[in-house]
Amino acid sequence: MNLFQYDFMIRALIGALVIGLAAPSLGIYLVQRKMSLIGDGIGHVALTGVGVGLLLERSPVVTAVVVAAAGAVAIELLRERGRTSGDLALALLFYGGIAGGVMLVGLSSNRSNANLMAYLFGSLTTTSSTDLVVICVLGAVVLAAMLLLRPALFAICHDEEYARVSGLPVRALNILIAVAAAVTVTIAMRTVGLLLVSALMVVPVAAAQQVTRGFRSTMAAAMALGVLAAGLGVWLAGEIDTAVGATIVVLAIAGFLAVAVGAAAWRALRQRPFTRTAEVEPPDVILER
Amino acid sequence: MFVTAEPVVNIAHGVVAYVDRPVLRDVSLAVPAGEVVAILGANGSGKSTLVRAILGLVPLRGGSVRLFGAPLKRFREWRRIGYVPQRMGAGSGVPATVAEVVASGRLARRGILRPPGSVDRAAVSAALTAVGLADRAAEPVATLSGGQQQRTLIARALAGTPELLVLDEPTAGVDASSQTAFAEALRGFVGTGGTVLLVAHELGPLQPLINRAVVVHDGKIAHDGAAPAPVGHHAAPDHDHVHPHAPEDPPGVCLT
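Chains as they are written, first to last, in the numbering used here: chain A, 22 to 310; chain B, 125 to 380.
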């Protein structure tokens, strides 16, 4: 039996492939900035947007984009302040976001646990043709921004003060990353789910950087791994009837483990005969004259 | 080189305070084009804060800063400035090659939308050659020694072909061979008529390049004049104390 004879499977597959490509292209900047969990937080906030959409009987994707983007910008402004209370403010935003979402979904006429689960963990059957158009357009916009602005985004994530002295529009670029994260989270919620999309931003990057030497090669490898995990995940979830988001993420983490173990084994094999002849750097001390 | 009447850097009556602790009190300093100025002082004297205030990285409580004649708030020609921070930001694990980090130095000149061209690539490789790292271009910066990472940062600043280099303790904790390579790169920059503002705890091999020394002590400028001799004390009689309110006790720095 070929599951891909069904239109919903084709839609789920295309949606997942777009997310698999876009999520790591954005996630690499979040990882570089040590904000790997931010996507998860934005996912929590987006659930409130879903609740608002269901309650107002409008497209939950549109309301989720708006609410998640507002939340992401708020998080970014808190981060910029660098206050110690920022950590607590983030916690309030995350828990407020998911609690508000669950309550609003409960209040809507569309209430059901299955409905909530589909947003939280993704589903193969929920991606409509309209959703797919939104996913493809927004995914392409995120991907184009992350690729075209790579030198500038790399500079602000690598050394924000240097970027400031270079005259880069640091705040605007930071807000761009925040909004792109919100958009990615929201378009991924149909297939991967709000609680698992963050993994697709981070895990392929974590896997790629085990074997790469530069930023550009890490980005390319992470995007390839993301697409692979997303495509295989949709197929496997259809075959063995599991939640699609969870299947994609489990595959991505399996990929991470395989790359990490393989890279460690490769290094051990290569280094053994040369241990003694490895280049010795001069010591990092100031030698007094 | 065309010499303008306007100083390249001009801070007048600068005051900086963190919460309620004053770090700089009434600091004035003008650096004309072509000068190589060392800002010296003990840890906590406010010398790093002074350059950070000049670059707009910490806000001024009072006074004003002008860069190339323009007030800091309206200054837009950041391509004319190359900044070398104390150290490379803590690695996050995402690898970046030496060439990728140095290429960031071209953004001020190129803008964020234009992709890098052959001019940018040539500038990056020239900057890497100037600091003696041309053969390490494709290596991840995380695998370099501390001194080589500092040379990567000066290459990043040089890649933008700036007119003013601002360096914040660039050689602190750097091995001797890298300090020499660093001094060579700086000598090349000064040779083209560049202006340098250098914060340092000790000058080491950079000593012969300096033609003016400013000593910051307790948030004020305690000495502004000739570069200190390699041996001796800045309080020696041939030093020109121009600051009218120099403190009675000599600042606790040793310029060796």
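Calculated from the structure, these hints are not laboratory results. Bear in mind the structure is a predicted one, so any value in this text is a computation, not a measurement. Ideal Cβ positions, reconstructed from N, Cα and C, are used throughout, including at glycine. Be a bit skeptical, because a hint or two may be false.
[Said to hold, decoys possible] Derived SDA-like pairs: lysine to any residue, alpha-carbon spacing no greater than 20 Å straight-line:
id	chain 1	residue 1	chain 2	residue 2
1	B	K344	B	V139
2	B	K197	A	I274
3	A	K55	A	I274
4	A	K55	A	V200
5	B	K197	A	G188
6	B	K197	A	V191
7	B	K197	A	A193
8	B	K344	B	G186
[What the hints assert, rightly or not] Part of the chain B face toward chain A, derived, beta carbon under 10 Å:
id	residue
9	W202
10	G241
11	A281
[Stated by the list, open to error] Stretch by stretch, here's where chain A covers chain B in the computed footprint (C-beta under 8 Å, at least three residues):
id	region
12	157-170
13	206-212
14	231-237
15	331-341
Hints, verified against the model:
no. : hint            : result
1   : B:K344 / B:V139 : holds (10 Å)
2   : B:K197 / A:I274 : violated (48 Å)
3   : A:K55 / A:I274  : holds (19 Å)
4   : A:K55 / A:V200  : holds (17 Å)
5   : B:K197 / A:G188 : holds (12 Å)
6   : B:K197 / A:V191 : holds (15 Å)
7   : B:K197 / A:A193 : holds (17 Å)
8   : B:K344 / B:G186 : holds (14 Å)
9   : W202            : holds (3 Å)
10  : G241            : violated (12 Å)
11  : A281            : holds (9 Å)
12  : 157-170         : violated (count 0)
13  : 206-212         : holds (count 3)
14  : 231-237         : holds (count 4)
15  : 331-341         : violated (count 0)
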